[in-house]
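With the hints as extra help, turn the sequences into a complete structure.
Read off the chains here:
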Amino acid sequence: MSDLGVDIEQHIPRLRRYARALTGDRAAADDLVQDTLERALSRFHLWRRGSDLRAWLFTIMHNVFVNQARSRMRYPHEALDGSAADALQYREPDWSDLRDIGGALAKLPVEQRTVVLLVGLEQFTYDEAARVLEVPIGTVMSRLSRARERMRVLLGGDFKASALKVVK
Amino acid sequence: MSRQAVTETDLHAYVDGALPAERAAEVDAYLADRPEEAARLAAYREQNAALHREFDPVLDERPPHRLDAPRLVPTRSLLRYAAVVAWFALGGVIGWQLHAYTADRRADVTSWPRRAAIAHVVYSPEVRHPVEVGADQEAHLVAWLSKRLGTPLKVPHLGELGFTLVGGRLLPGDRGPVAQFMYQDGKGQRLTLYVRVNPDDSGETAFRFAQEHGVGVFYWLDRKLGYALSGEVEKGELLRIATAVYRQLNP
Chain A
1 MSDLGVDIEQ HIPRLRRYAR ALTGDRAAAD DLVQDTLERA LSRFHLWRRG SDLRAWLFTI
61 MHNVFVNQAR SRMRYPHEAL DGSAADALQY REPDWSDLRD IGGALAKLPV EQRTVVLLVG
121 LEQFTYDEAA RVLEVPIGTV MSRLSRARER MRVLLGGDFK ASALKVVK
Chain B
1001 MSRQAVTETD LHAYVDGALP AERAAEVDAY LADRPEEAAR LAAYREQNAA LHREFDPVLD
1061 ERPPHRLDAP RLVPTRSLLR YAAVVAWFAL GGVIGWQLHA YTADRRADVT SWPRRAAIAH
1121 VVYSPEVRHP VEVGADQEAH LVAWLSKRLG TPLKVPHLGE LGFTLVGGRL LPGDRGPVAQ
1181 FMYQDGKGQR LTLYVRVNPD DSGETAFRFA QEHGVGVFYW LDRKLGYALS GEVEKGELLR
1241 IATAVYRQLN P
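Top line first, the protein sequences correspond to chains A and B. Mind the numbering: the first sequence is residues 1 to 168 in this note's numbering, read in order. Mind the numbering: the second sequence is residues 1001 to 1251 in this note's numbering, read in order.
Some hints could be false.
To be verified - SDA-like cross-link-like pairs, simulated, lysine to any residue; straight-line CA separation at most 20 Å: (1) Lys107(A) <-> His1052(B); (2) Lys107(A) <-> Ala1050(B); (3) Lys107(A) <-> Glu1046(B); (4) Lys1224(B) <-> Pro1152(B); (5) Lys107(A) <-> Pro1020(B); (6) Lys107(A) <-> Ala1049(B); (7) Lys107(A) <-> Arg1053(B); (8) Lys1147(B) <-> Gly1134(B).
What the hints contain is simulated information worked out from the structure, not anything from laboratory work. None of these values were measured; they are calculated from a predicted model.
Here it is, written out as structure tokens:
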């Protein structure tokens, strides 16, 4: 088995997790992973050995996802914000209960959903997320802030402050 | 006390556990008399926890077969590129006629290398009976297999590449007898060369590469015979060996 296959294979479970959260649909998520892997293999000569393979794969996945979402968009020249971004839903996710986390995610504009997932689920640093998404770190922070606040409202408000007891 | 103002970024970093301990302590102090802010951050932290609860089970799923990374490797451009390079390196530039020609027999071309890969997987792990006739009877082996295939065979010697001949065996192919030669290096890594008679004088083809369940196969047609070299070695290495095999068969 090639090293390449082994290296990439290690990242498949996390790519699938991210894709599932991003699309909300098992089949669409695996389509996205497959497209990502194919593109990664066809561009493997562009990967700098020794650099972070995971970040590179997530960057490719993000680009594949955005391109596919854009091709589904009705008004392709509108800015990716507000209602246009809502129209950019990759595939209508099968989430009905707005009070669960999946439902809240589905309600987020894509560019906020990606940030909250890269940071909150995939545990990328803000710097890494900025590189994956190819936006300035300030943009990552503002999207993260908006995304979390919107989800908080969608999920019905606050948890008790006691839940925040931090490990000192 | 020259405490730096706590920013929104600090608060998110606090939620994500990305603050140095000292700064986190400062945020703790900041939150102590701001219960609403503390509640907001608790909600954010709960969001992270909920994401993990919801989606972490995906990590334990067995990915569908179509996502096996090695299976994606074969026909993709990397190897196509390697095959093209090899083709020109070999100097057998036949070009377009061949392209059209091989397209016709694609079904055929894709099935026999698979048989070669399967034969590799079946026999190469054998400890006691990897071959029917050992390398100590090489002359007999070659004469026997040549007779059964109905055409003179040659056995390449790969000593310079660190592989010695173990021996060979006769196998059933889809169109009659097939020969398999086995090689082994000092570490016990094995390669097999599968040789079959082409249905007609098929001319030559470029090296093609396929991968079946982790076994790489370089295969090509050379007039009467089709060759498939299989091994669980890195594809660049396998290409080097396939090139050496080709050169020995076409001095």
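A quick look at each hint next to the structure:
1. Lys107(A) <-> His1052(B): 18 Å, holds
2. Lys107(A) <-> Ala1050(B): 16 Å, holds
3. Lys107(A) <-> Glu1046(B): 18 Å, holds
4. Lys1224(B) <-> Pro1152(B): 10 Å, holds
5. Lys107(A) <-> Pro1020(B): Between Lys107(A) and Pro1020(B) the Cα gap is close to 33 Å, so the pair fails against 20 Å, i.e. violated.
6. Lys107(A) <-> Ala1049(B): 19 Å, holds
7. Lys107(A) <-> Arg1053(B): The hint holds at about 19 Å.
8. Lys1147(B) <-> Gly1134(B): Satisfied, since the Cα-Cα distance of roughly 17 Å is no more than 20 Å.
Hint compliance for this structure: hint 5 alone is broken.
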